[in-house]
Amino acid sequence: MKEHSWLFTKKRGEHRTDSQLVGLTAELVFSAVCILAGALGLIWLGWFYVIPEWKIHSRYEETECVLADFRISPRTVLGDRPVVKEPVDAPSIFEDESSFHAETSENAEKKETGPVLGLPFKEIYYLPEMQLKYFADGAERTVWTPVFDSVTRFSKFSTEKSAEEFLGKWKIGETHTCLTDPEDPDQVVFIPDWQWENFLALIIPGSLVFIGIGIGIHALTAPRYSVSKERNALHGVFRPQQERERSPSGEFPNVPDIREIIDSPGIQLAYRLPVLDSPAWALFIQTFVALLWGTGCIGFLVLTAFNFREDGAWLQLCYLMPFLAVGVWLVGHTYIQLRNATCVGSTLLEIEKFPIFPGRPVRLFLSQGGSKKLAWINVVLVCEEEVVFTHGTNTRREKQRVYQRLIFGEEAASAAHGTAFDAEFLLEIPAEAMHSFVSAHNQVCWRVIVQGKLDRLPMFERSFPIIVYPAREEEK
Amino acid sequence: MICSIIQFDQKPDVFQPLETVSGTFRLEDVELESVNRLEFSVVWYTEGKGDEDIGVHFFETLDWTNGLLGAVSANDAHPAPRNSVCRIPDGDEKGETFSFSVTLPSSPLSYYGMILKIHWCVRVRIFLKNGREVKSEKFFTVGSVPKVQVDLN
Amino acid sequence: MAYEENPFCSRRIRPGAIPFYFPEGVSSETLLATLRENSWRGQIIGPHGSGKSTLLAALLPEIQKCGRRVVHLELQDGVRKLPLSEEDFQGMDAETQLAIDGYEQLSYLTRRKLKSRSFRQGFGVVILGHEPLEYPDLYQTSRELSVAKLIVERLLENSIVRIPESVIEEHFERHKGNLREMLFSLYDVYEEVYRTLKDKK
Numbered sequence: 000m001k002e003h004s005w006l007f008t009k010k011r012g013e014h015r016t017d018s019q020l021v022g023l024t025a026e027l028v029f030s031a032v033c034i035l036a037g038a039l040g041l042i043w044l045g046w047f048y049v050i051p052e053w054k055i056h057s058r059y060e061e062t063e064c065v066l067a068d069f070r071i072s073p074r075t076v077l078g079d080r081p082v083v084k085e086p087v088d089a090p091s092i093f094e095d096e097s098s099f100h101a102e103t104s105e106n107a108e109k110k111e112t113g114p115v116l117g118l119p120f121k122e123i124y125y126l127p128e129m130q131l132k133y134f135a136d137g138a139e140r141t142v143w144t145p146v147f148d149s150v151t152r153f154s155k156f157s158t159e160k161s162a163e164e165f166l167g168k169w170k171i172g173e174t175h176t177c178l179t180d181p182e183d184p185d186q187v188v189f190i191p192d193w194q195w196e197n198f199l200a201l202i203i204p205g206s207l208v209f210i211g212i213g214i215g216i217h218a219l220t221a222p223r224y225s226v227s228k229e230r231n232a233l234h235g236v237f238r239p240q241q242e243r244e245r246s247p248s249g250e251f252p253n254v255p256d257i258r259e260i261i262d263s264p265g266i267q268l269a270y271r272l273p274v275l276d277s278p279a280w281a282l283f284i285q286t287f288v289a290l291l292w293g294t295g296c297i298g299f300l301v302l303t304a305f306n307f308r309e310d311g312a313w314l315q316l317c318y319l320m321p322f323l324a325v326g327v328w329l330v331g332h333t334y335i336q337l338r339n340a341t342c343v344g345s346t347l348l349e350i351e352k353f354p355i356f357p358g359r360p361v362r363l364f365l366s367q368g369g370s371k372k373l374a375w376i377n378v379v380l381v382c383e384e385e386v387v388f389t390h391g392t393n394t395r396r397e398k399q400r401v402y403q404r405l406i407f408g409e410e411a412a413s414a415a416h417g418t419a420f421d422a423e424f425l426l427e428i429p430a431e432a433m434h435s436f437v438s439a440h441n442q443v444c445w446r447v448i449v450q451g452k453l454d455r456l457p458m459f460e461r462s463f464p465i466i467v468y469p470a471r472e473e474e475k
Numbered sequence: 000m001i002c003s004i005i006q007f008d009q010k011p012d013v014f015q016p017l018e019t020v021s022g023t024f025r026l027e028d029v030e031l032e033s034v035n036r037l038e039f040s041v042v043w044y045t046e047g048k049g050d051e052d053i054g055v056h057f058f059e060t061l062d063w064t065n066g067l068l069g070a071v072s073a074n075d076a077h078p079a080p081r082n083s084v085c086r087i088p089d090g091d092e093k094g095e096t097f098s099f100s101v102t103l104p105s106s107p108l109s110y111y112g113m114i115l116k117i118h119w120c121v122r123v124r125i126f127l128k129n130g131r132e133v134k135s136e137k138f139f140t141v142g143s144v145p146k147v148q149v150d151l152n
Numbered sequence: 000m001a002y003e004e005n006p007f008c009s010r011r012i013r014p015g016a017i018p019f020y021f022p023e024g025v026s027s028e029t030l031l032a033t034l035r036e037n038s039w040r041g042q043i044i045g046p047h048g049s050g051k052s053t054l055l056a057a058l059l060p061e062i063q064k065c066g067r068r069v070v071h072l073e074l075q076d077g078v079r080k081l082p083l084s085e086e087d088f089q090g091m092d093a094e095t096q097l098a099i100d101g102y103e104q105l106s107y108l109t110r111r112k113l114k115s116r117s118f119r120q121g122f123g124v125v126i127l128g129h130e131p132l133e134y135p136d137l138y139q140t141s142r143e144l145s146v147a148k149l150i151v152e153r154l155l156e157n158s159i160v161r162i163p164e165s166v167i168e169e170h171f172e173r174h175k176g177n178l179r180e181m182l183f184s185l186y187d188v189y190e191e192v193y194r195t196l197k198d199k200k
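Chains as they are written, first to last, in numbering that gives the first Met the number 0: chain A, 0 to 475; chain P, 0 to 152; chain X, 0 to 200.
Next up, chain A with everything else stripped away, as it sits in the complex:
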């Protein structure tokens, strides 16, 4: 049965709307959205977390302080504007609790300091505070301060009990480090150490900005491979005519340069053949992206977990879910590909001599590595015609396989588990076959393809180019 020739056609604007303008607009919109989302994230994180964090830690001075007392201050949110109530003479929580509640409620009614909006009472939250005793600017100071969980946000709770539990982490009389403003020693902040997750979280919005910029640049400039028609049309598969068409001595015009494939010496035989389309670079880039994405997601997840008791944490988690899902898929997919690539191992194919002439057999040596047992392995010789047609913006490539022959095959290969499978066999190009040919838009190419399967892994295929010279009279 004739093999259906596969077709790779590239047309701008055809697949969705037939309009390059719409395509470009969509790309730019996507780019803008990525940049905007990333920028907003950067600004938000930077403004509310990173910059204050840096300012506090760089400007404020560390001072030793003693935890003198604790208290919980109720706060009320009226309408949409918080009304901060002074907890005047509010007793310590370790004294009469009931009197505390009664007193604060009473105070709450009497001592509103904010503007009364005439709006109904909406929400109350509880602010744990500490009284810190410390030395600053030559004097002992005693100051009440909220407990900050980040430089811009103090801890607050919706119930008094959770506020009490929070304060239970510390004991009165303990010595800790606090931060004081050297310009105003009465300003003191009790805060944990650097919140490194704030900085780590910048990776996610930062990545979005980079991605957006990259897409935007690509959309506006388009890939500039070259301005020459041949190089543009051939996309690197067919190198420029003058480079490839000449054998080293110029003896065989339009036969590919043999130096491309004999620059690597073999171990068993003379030359090691190069692999076409090695997945190494693609895997490397994919791994890098997966790591970057995964790290960013983990950073954000950690940040959310730290602030889980705060209002809005669930919302943060919901926003994070799609990114997490993509990250999990990306990491998983990359792991599988890496595992397959490493488990399959390298395929080495060596050849006895070059050039190859039709009708004259040459020896090949195959060594297939892999950490699992080889179920089967085949070596196939193929010949394909490849052509490129260009008109204006349309570039059309087509490949037609015209010859295929199994030159070596083994089922349940005999190599022991974990050792390389080695085999030596003959390669013979049919006596009247066409030689390798290359011109600016057309070529005839010969390849040796190694296909195989290891236990519990998908089938693999590796392709090795060979160059066949025209048969000489004396070779026939």
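Keep in mind the hints are simulated off the structure, nothing from the lab.
Label pairs and their in silico Cβ distance ranges:
{"hint": "1", "chain 1": "X", "residue 1": "Pro135", "chain 2": "A", "residue 2": "Leu219", "range": "24 to 30 angstroms"}
{"hint": "2", "chain 1": "A", "residue 1": "Gly249", "chain 2": "P", "residue 2": "Trp63", "range": "31 to 37 angstroms"}
{"hint": "3", "chain 1": "A", "residue 1": "Ala430", "chain 2": "P", "residue 2": "Pro80", "range": "33 to 39 angstroms"}
{"hint": "4", "chain 1": "A", "residue 1": "Gln403", "chain 2": "P", "residue 2": "Glu32", "range": "58 to 64 angstroms"}
Since the model is a prediction, treat every value here as computed from it, not as a measurement. Glycine included, C-beta positions come from ideal geometry on N, C-alpha and C.
Mind docking chains P and X on chain A? Use the hints.
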């Protein structure tokens, strides 16, 4: 009708790499004085689904300035010296005969594939003084690569 | 060896190699008149493989016969600027006709500059595109089965091979009316039939 009839010395028109393609081409129904110049070439070109590529193996312009159009070869025996084109006397007033001899390269061979073919031919273009152009070509085969039948075993 | 060139090879189906089949009431003369009315500015729009380049190839010689100097640009994929130098532009005047295949991939800025330049210097511009752009409509190509059949018939007129209409229809449908792809597809059909006929002989 003005035309150029090309003939090879060898029959069939099948040559091997590095062999010499020799023959004659004859201009019919034209006076040499009305010819501005002649272009003789031995080329290969591709045909198929891809853009056409062409390789010019041998090219010679015969005009009055280089004397090749006017001069008759002193050696009136055919064929022409290797890799050359020259006019030879043939005694016929109604046309002119030229002899050619070109050594072929070792590649590419003629190829009759599925989506790609490679053809070799001899081309003669006659540029007349009145601005007209007449082209003729004759194909020949280089090598013995048979027509491709898709063989996927 | 005598051989018959496959009539569907790239050389035979490239724009310019096949004539453009005008519908009734339309001809290159009528289109030229429209172009002239619009100060030699116009756009030929239509989907891929519908004959835009073929129409342009048919019009350009007629434009030349009107005494205009034609500058025909076929932009390769990815080219966002015009491959013309400042000197080239300065040489363009009211007798120059610029024809651009691949106009849509030019950057917005380039297109604006070109339009303003054409008005300033007076040269005409004909563009090919997939949807209406900033030039007056000259012609809209479409994918017609009847035209496809005409083209195939013409290509096969000196051939020993005949391709049934049902096959043409099938390939036309398969490629959704893209004539270029249909013709390349018929290349394989022709090759198979021709080889079979030759082998029988």
